[in-house]
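Residue numbers (the numbering used here), protein chains in the order written: chain A, 1 to 269; chain B, 1001 to 1269.
These are computed hints drawn from the structure, not numbers from a lab. Don't take each hint at face value.
[Unchecked claim] Below 16 Å or equal to it, Euclidean Cα-Cα: the simulated EDC-like pairs (lysine to aspartate or glutamate) are:
1) B:LYS1048 x A:GLU69
2) B:LYS1092 x A:ASP154
3) A:LYS112 x A:ASP61
4) A:LYS246 x A:GLU177
5) B:LYS1004 x B:GLU1177
6) A:LYS92 x B:GLU1177
7) A:LYS222 x A:ASP248
8) A:LYS48 x B:GLU1069
9) B:LYS1246 x B:ASP1180
10) B:LYS1112 x B:GLU1177
11) B:LYS1004 x B:GLU1137
12) A:LYS246 x A:ASP20
These numbers come from a predicted model, not from an experiment.
The residues making up each chain are set out below.
2 protein chains.
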Amino acid sequence: MSTKQINIIKIGGNVIDNPDTLAQFLTDFAQVKGLKILVHGGGKLATKMAEGLHIPQQMIDGKRITDAETLKIATMVYAGYINKNMVAQLQKSGCNAIGLSGADGNAIQTVKRPTEPIDFGFVGDMTEKSINTEFIEILLNNALVPVFCAITHDANGQLLNTNADTIAQSLAVSLSEKYDVNLIYSFEKKGVLINLEDDNSFIPEINYDYFLELKEKGIINKGMLPKLQNAFTAIEKGVRNVFIIKEDAILSLLNKNSYEGTRITNGTT
Amino acid sequence: MSTKQINIIKIGGNVIDNPDTLAQFLTDFAQVKGLKILVHGGGKLATKMAEGLHIPQQMIDGKRITDAETLKIATMVYAGYINKNMVAQLQKSGCNAIGLSGADGNAIQTVKRPTEPIDFGFVGDMTEKSINTEFIEILLNNALVPVFCAITHDANGQLLNTNADTIAQSLAVSLSEKYDVNLIYSFEKKGVLINLEDDNSFIPEINYDYFLELKEKGIINKGMLPKLQNAFTAIEKGVRNVFIIKEDAILSLLNKNSYEGTRITNGTT
Chain A
1 MSTKQINIIK IGGNVIDNPD TLAQFLTDFA QVKGLKILVH GGGKLATKMA
51 EGLHIPQQMI DGKRITDAET LKIATMVYAG YINKNMVAQL QKSGCNAIGL
101 SGADGNAIQT VKRPTEPIDF GFVGDMTEKS INTEFIEILL NNALVPVFCA
151 ITHDANGQLL NTNADTIAQS LAVSLSEKYD VNLIYSFEKK GVLINLEDDN
201 SFIPEINYDY FLELKEKGII NKGMLPKLQN AFTAIEKGVR NVFIIKEDAI
251 LSLLNKNSYE GTRITNGTT
Chain B
1001 MSTKQINIIK IGGNVIDNPD TLAQFLTDFA QVKGLKILVH GGGKLATKMA
1051 EGLHIPQQMI DGKRITDAET LKIATMVYAG YINKNMVAQL QKSGCNAIGL
1101 SGADGNAIQT VKRPTEPIDF GFVGDMTEKS INTEFIEILL NNALVPVFCA
1151 ITHDANGQLL NTNADTIAQS LAVSLSEKYD VNLIYSFEKK GVLINLEDDN
1201 SFIPEINYDY FLELKEKGII NKGMLPKLQN AFTAIEKGVR NVFIIKEDAI
1251 LSLLNKNSYE GTRITNGTT
């Protein structure tokens, strides 16, 4: 008996900020065959909303602090506006999407990050038990397509802001116990780039040793580091395939097995 | 074989505006036995958000016009902030809630209201086919508790603002084909009042003839008229019981069959 396959696709914030690109991505996503899950980040709307409402955004080391007002806006924008509009567009394309935060069906339960050394505020970190696979399987078994935003909960009434890349990785790892999982990080670039200015400088395959080498040389930019770390963790923990590709490449990759982009391998150089 | 019972409870906006009252209501709701669905309105947060963002609110005959910016805020506040915080609080109380807009799982498909005689903007009206009972039954059969906000979709990619009282009524009517349905409109008053200033002037039972009489005499206030019309429609179309009660009375009513408030009857005077 072959294991069932599932595609878990994370879409980046820069794609969400461009309505035409997002619409095309969602049309493509609707056509991806088989079981699938979408995870989305935030984009710039939350920052714009905060500015409009004159809520100051505190940053430490380039990371936003999620104070109570910022969490409120994140919940409105991610779980409300972005998530529901994506679901409505997917429904239009015949994809039976269901939008979820981690509180819904207790899908993703996280732990508030410790306040030392830096208090990041209402940020939830994933644990090995965060993902409620039983609930997700109920949806998948009924031909529903989960669409997760990056808001989770602590099961004690508190919503928490959580990194969307990490949610996608945890979903992939947890579901890999029962499924053959493809984890796809899709965003506005063609893959992991050697030269950020040249979209064609993507690395077709990257293993952990090569990653460490590039990291040491300072070739991989700061935003890509945690994404790649998530990718290698996923491979280590049983996810079948991990790709980092442009948002317009998911259909070629998943339905035609042909693409340009970066594949994560766990082989040695 | 006796038909399964389900309680559909709509909670009004004034309750949502008071965090302590809302928290107590949700604690009570979590303890309601058996199958249940929660439907919630909006409250004043959307208006406050619109003011904060300097988005003018257009009103005609006391009704808000849902232009594109107003719909955006309604989606953020109703489907995002209010819905997800309610779900998180219910999860804390051991109630396996799942927050939904009408787009999720294509749960509620509405039709954009005609622009004549008045263009109310992005408002969706319910039809007899609006409710996707098959989807809702999947959730109920898996011990999930649907929590609906008042945002629906047209299945063509457009989200629409929809009256929460009417959503509750349509859910009740559609589910009454398979279930014994109790529909409960819970809000900040003890029931349908003869004298709005006196909370103890509630009418214990009201039938359609009495309703028409009170309406003719101008005793029933404007806000109550559509709620009562929804209530009588529900009874006519097969809903077993309809109550209009204070938000702190749901546990006595549903678990102890004892309450103060208004019961809708379809008998003649």
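So, going through the hints one by one against the coordinates:
1. Between LYS1048 of chain B and GLU69 of chain A the CA atoms are separated by roughly 14 Å; this keeps the pair inside 16 Å, and the hint holds.
2. A hinted pair counts as satisfied when its Cα atoms are at most 16 Å apart, and LYS1092 of chain B with ASP154 of chain A qualifies at roughly 9 Å.
3. For the given pair, LYS112 of chain A sits about 19 Å from ASP61 of chain A by alpha-carbon distance, which is inconsistent with the 16 Å threshold.
4. Between LYS246 of chain A and GLU177 of chain A, the direct Cα distance comes to roughly 28 Å. Violation of the 16 Å bound is thereby established for this hinted pair.
5. Proximity of LYS1004 of chain B to GLU1177 of chain B is assessed by CA-CA distance (about 11 Å); at most 16 Å being required, the pair is judged to hold.
6. For the given pair, LYS92 of chain A sits about 28 Å from GLU1177 of chain B by alpha-carbon distance, which is inconsistent with the 16 Å threshold.
7. Using a Cα cut-off of 16 Å, the hinted pair LYS222 of chain A and ASP248 of chain A is violated, with the two alpha carbons roughly 23 Å apart.
8. Proximity of LYS48 of chain A to GLU1069 of chain B is assessed by CA-CA distance (about 14 Å); at most 16 Å being required, the pair is judged to hold.
9. Between LYS1246 of chain B and ASP1180 of chain B the CA atoms are separated by roughly 22 Å; this puts the pair beyond 16 Å, and the hint is violated.
10. Restraint check: the Cα-Cα separation between LYS1112 of chain B and GLU1177 of chain B comes to about 26 Å, which exceeds 16 Å; the hinted pair is violated.
11. In summary, the hint linking LYS1004 of chain B to GLU1137 of chain B is supported, as the alpha carbons are separated by about 12 Å, within the 16 Å threshold.
12. For the given pair, LYS246 of chain A sits about 15 Å from ASP20 of chain A by alpha-carbon distance, which is consistent with the 16 Å threshold.
In the structure shown, a violation is registered for the earlier hints numbered 3, 4, 6, 7, 9 and 10, in ascending order.
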